[in-house]
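Take the two lone chains and join them into the complex the hints point to.
Listed below, chain by chain, are the residues.
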Amino acid sequence: MSDRMSPPETVKSLSAKLAAGEASAVELAQDYLARIRAANPALNAFVEINEDATLADARAADALRAEGRAGPLTGVPIAHKDIFCQTGWHARCGSKMLESFAAPYDAGLIERSRAAGLVTLGRTNMDEFAMGSTNESSHYGAVRNPWNSAHVPGGSSGGSAAAIAAGLAPAASGTDTGGSIRQPAAFCGISGIKPTYGIVSRWGMIAYASSLDQGGPMARTAEDCALLLNAFAGFDERDATSLQRPAEDYTRALAQPLAGLRIGVPKEFFGDGMSADVRAAVDAALATFRTLGAVTVDVSLPRAGYAVPAYYVIAPAEASSNLSRFDGVRYGYRAPDYGNLDDMYGKSRAQGFGPEVKRRILIGTYVLSHGYYDAYYLQAQRVRRLIADDYRAAFAQCDVIMGPTTPSTAYALGQNDEDPLAMYLGDIYTTSINLAGLPGMSIPAGFGANGLPVGLQIVGNYFDEARMLGVAHQFQQATDWHLRTPE
Amino acid sequence: MSLTDPQVRHIARLARIELPDADIERTRSHLNSMLGLIEQLQAIDTTGVEPMAHATDLVLRLREDRVTEGDRRAAYQAVAPAVEDGLYLVPKVIE
Chain B
14 MSDRMSPPET VKSLSAKLAA GEASAVELAQ DYLARIRAAN PALNAFVEIN
64 EDATLADARA ADALRAEGRA GPLTGVPIAH KDIFCQTGWH ARCGSKMLES
114 FAAPYDAGLI ERSRAAGLVT LGRTNMDEFA MGSTNESSHY GAVRNPWNSA
164 HVPGGSSGGS AAAIAAGLAP AASGTDTGGS IRQPAAFCGI SGIKPTYGIV
214 SRWGMIAYAS SLDQGGPMAR TAEDCALLLN AFAGFDERDA TSLQRPAEDY
264 TRALAQPLAG LRIGVPKEFF GDGMSADVRA AVDAALATFR TLGAVTVDVS
314 LPRAGYAVPA YYVIAPAEAS SNLSRFDGVR YGYRAPDYGN LDDMYGKSRA
364 QGFGPEVKRR ILIGTYVLSH GYYDAYYLQA QRVRRLIADD YRAAFAQCDV
414 IMGPTTPSTA YALGQNDEDP LAMYLGDIYT TSINLAGLPG MSIPAGFGAN
464 GLPVGLQIVG NYFDEARMLG VAHQFQQATD WHLRTPE
Chain L
106 MSLTDPQVRH IARLARIELP DADIERTRSH LNSMLGLIEQ LQAIDTTGVE
156 PMAHATDLVL RLREDRVTEG DRRAAYQAVA PAVEDGLYLV PKVIE
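Protein sequence lines correspond, in order, to chains B and L. Heads up: the first sequence begins at 14 in our numbering, then just goes up one per residue. Heads up: the second sequence begins at 106 in our numbering, then just goes up one per residue.
It should be emphasised that the hints constitute simulated quantities derived from the structure, not laboratory data. Honestly, I wouldn't trust all of these hints.
Said to hold, decoys possible - Partner residues aside, some chain L positions facing chain B, computed with beta carbon under 10 Å:
1. THR109
2. VAL113
3. ILE116
4. ARG118
5. GLU123
6. PRO125
7. ILE143
8. GLU144
9. ALA148
10. GLU155
11. PRO156
12. ARG168
13. VAL172
14. ALA183
15. VAL198
Claimed, not checked - FRET-style restraints, in silico, Cβ to Cβ:
16. B:ASP311 - L:ILE129: 47 to 55 Å
17. L:ARG118 - B:ASP350: 17 to 25 Å
18. B:ASP355 - L:GLU155: 55 to 63 Å
Cβ atoms here follow ideal geometry from the backbone N, Cα and C, with glycine treated the same way.
Chain L with its partners taken away, still in its complex shape (with noise of 0.2 Å):
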């Protein structure tokens, strides 16, 4: 199968990956040579395998529920684009 552009548009908007219209064309096209590489996988019969996750059967540990870590907020917030008052900004979201 091969990719129209607005599939392209919904999947960069899905990715929140702004994509003028003058890169659509080329980025269709990438895509799909992409998707013509991994169509390759459908020719294999996987019937009754087990889908691996993890590059090896990992059973997840539990830890002791504890904290930690001390207070950071100063070194993790001094590389943010923008902070006030240990506050991340951000525009405006309700109005």
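Just chain B, with the same shape it has in the complex (with noise of 0.2 Å):
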């Protein structure tokens, strides 16, 4: 199985060795059991390894298939990043608060997941509390990219995507609140998307920035996302923003062919801060899109440069708000020595957290307090909506909007420790489309000068996943960057 020649594994081929009774789930699992302790010291991916649980969750999906209850996705091996809550594990969230904790029940997505039979492997590495672009945040630890280990895998669902790209797991949940979902998958080389709000229930996802956060599946082929969103989408009553629709099939339009396909190009996604092979990359994805029969369509997002700014008002406010809930009171960590009640939440919350969570914690108790709510909160709130209009407007012109996921290739470890700003700018194409609530993914397109991978970001109209998943599985079919892996 762990033949180098042959292409990787995928969720859709493994389904199939599955159904054809090729594999067991108990000997997947033992497979990437074994290379996950092979490969995880160096590459730090997973935070917990739990092989007695896992085996269990195979004997149960080999017992499903016996009695003829296999689904699609019976058997298949999944890592799930280590923010959603789920009963045998813990859900430490990359961070010192939540060492110690276990949830008591399971997320709404991991419910999904354990109904479609899916076999959990282990939960993955991220930034704290999803805080962060390079996955260094992670109290853990940071994670190695796969391609190149001097180089982060981005973040903040990095340990998911150096998992899929290490091919130590064939898909990953993730979770995106400004780019968590595609910078990972861009910087690691493989497929990702982040539906659109409301999509997959939030309940039992710890919350970073509630209006913002959406939970989405990452895996090497769109097909394979396809077949994971199909798993992960649905209602659920225990989240307030959890939308009510009939179901849908994601793989519905995967052989739609190309031709006539509108895509938008954004002059704004193409601006100065974008790498010249970043660019090249970008540039022969849309060209192979045009050979497909796609027209491209120029169009113009005029507010889009001020996502960062809105974002790093909107969610460090929200977090400051979220992250009120860690007080050493009802789980998470409680300093060993204080004095008052006061004390005890001012100690435990510095030991707690780490830097980066505390700047945005602080900085959202700032843009929320008296005198400035106004001038900071309600502003961004405002821009937000002239962001979401843009994109309003130019979807008038085209189908799907199509740009670079990320201005640069995956930064070297350390390279933004004393400037946290240069990577704020990094989520420059990323942040507005959390804002917007639109759905975002991204999918390998290439190389840059250093060999490190390039990722194509495909935004689509809400609740237009079956169309952004089939234009990307047709780019797969005429392209091999997806199946590329590295030494």
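Structure (structure tokens):
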């Protein structure tokens, strides 16, 4: 199974093997666990392995198949981001604050993953409370990029992306508040989709910025993402923002030809901040789409450049409120020594949170404080509407929007240590999609000058995931970037 | 605008995050660079624009007023730092 010359395994190929009886879920799980044991000490993509729990899942999947009750994903292994509450596992969310936390219930996405028969391989590393774009803010150590161990895998779903790229999992869950599925997918050369806000339940997904957070699948191919989104998507009454919509088959447009597809190309996504190698790869991808029958249309998102500043008001504001729950009383870390209750809060939070999380809580507290709320928070919310309006106008002229996922390939480890702002500005192409609530995905589109992967971002209109996945799949039928694996 | 040390102390106090004196300067510098970024928003004319509080203009659903969860106190308290007799323990707040 680890033959490097054969194409890498996908959810689709493993599903077919299981259905044909060529492998059992237990055999697949054991094979992946062996790979994880061998490669994870250097990669640090997984923060928790529990072989007994994994094999119990696998045996249950094999039993279902023996009874003739297997679905398309029954027995397929998956890794879950350490942000989803999952019984039998810790949910540490990359933080010391939750080092001893094991959730007493399953998140909505986890329930759906279990119901589909997916087998949990382990829990993947992430930036602390999903705040970061490099995975370096994790209390459990940085993750290495499988393409070059001196570089970051991106973040915050960096462990999920690195695990897939390194062949330690065929699929993973991720969450995306400002790019946290798409950016690590781009940096690691895999596919990932952040669905329309409200499609995947946020219940039991540890909150960062609730009006932006959205879970979604990460895998090697767009087709795999479609199969996984079929399992993850659906209404959940426990999430007040979950949307009540008829069930969809996200694979339904995979075979659709691209003739006549109008691809909007926003000039604002091709500005000065973009590196030459990323531009070359994205231009080449757009040329491929044209040869497949699509037409490119110039569109403009004049306010998209304000997405990063608006994001760094809205997300920290919501984070400062969401993370107030970590007070050392009901769960999480409590400082060993303290005086009164106030001192216990202050010390527990000072010791339990890392520097990036504290920065965001502090700036969020400030923009919500008396005298600044209107100038910062309300102004950012007004700009948010203008950005969403820009997308609405653009989608009147095109079916999907494309551009780079990130302005450069993966950063070197430690590159942004003293300058968090440089890292924030790297999210320039991804944050506007969360502010608007639109679906966005990243697929592999080549390699940069340093041999690191480049991601192509595909943005769809609201609820247009099936079309986006089809567009991405057609590209992947014509290219092989998604099948490349690191040495 | 940029923050002063007393303002940074006040924000940390509001956020209930103890901030040692040794960390003030570095924190102030990071927060001020974030403020420099978000100051860009002041350049946009948003007259008459309705603030967008959520990703979609949601109307909150109503649900039936009924109990949907059983008694899981023991499970929820198992992850708490300090409990006794079903109660969460904190330092004394009323003298």
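For each hint, the structure was consulted:
1. The criterion of a C-beta within 10 Å of any C-beta in chain B is not met by THR109 (chain L), whose closest approach is roughly 12 Å, and the hint is violated.
2. Evaluation of the VAL113 (chain L) hint against chain B yields a held restraint, the C-beta minimum of about 8 Å falling below 10 Å.
3. Taking 10 Å as the C-beta contact cut-off toward chain B, the hint placing ILE116 (chain L) at the interface holds, the least distance being around 5 Å.
4. With its C-beta approaching chain B no nearer than about 8 Å, ARG118 (chain L) sits inside the 10 Å limit, and its interface hint holds.
5. The closest approach between the C-beta of GLU123 (chain L) and any C-beta of chain B is roughly 4 Å, which is under the 10 Å cut-off, so the hint is satisfied.
6. A distance limit of 10 Å between C-beta atoms decides the matter here; for PRO125 (chain L) the minimum to chain B is near 8 Å, and the interface restraint holds.
7. At a threshold of 10 Å, the smallest CB-CB gap from ILE143 (chain L) to chain B is about 5 Å, leaving the interface hint in force.
8. Taking 10 Å as the C-beta cut-off, the interface hint given for GLU144 (chain L) holds, the closest approach to chain B being about 8 Å.
9. Residue-level restraint check for ALA148 (chain L) holds (minimum Cβ-Cβ distance to chain B is 8 Å; threshold 10 Å).
10. With a least beta-carbon distance of about 6 Å to chain B, the hint placing GLU155 (chain L) at the interface is held under the 10 Å criterion.
11. For PRO156 (chain L), the interface hint holds, since its Cβ comes within 10 Å of a Cβ in chain B; the closest pair sits about 3 Å apart.
12. Hint status for ARG168 (chain L) relative to chain B: holds, with the closest Cβ pair at about 7 Å, below 10 Å.
13. Proximity of VAL172 (chain L) to chain B is violated relative to the hint, the smallest CB-CB distance being about 14 Å (cut-off 10 Å).
14. With a cut of 10 Å, the hint placing ALA183 (chain L) at the interface with chain B holds, because the nearest CB-to-CB distance is about 7 Å.
15. Look at VAL198 (chain L): its Cβ gets to within about 5 Å of chain B, closer than 10 Å, so that hint holds up.
16. Roughly 49 Å separates the CB atoms of ASP311 (chain B) and ILE129 (chain L), a value that falls within the hinted 47 to 55 Å.
17. A hinted range of 17 to 25 Å for the beta carbons of ARG118 (chain L) and ASP350 (chain B) is consistent with their spacing of about 20 Å.
18. Separated by about 38 Å at the C-beta atoms, ASP355 (chain B) and GLU155 (chain L) break the suggested range of 55 to 63 Å.
Hint check: violations occur at hints 1, 13 and 18; the rest are consistent with the structure.
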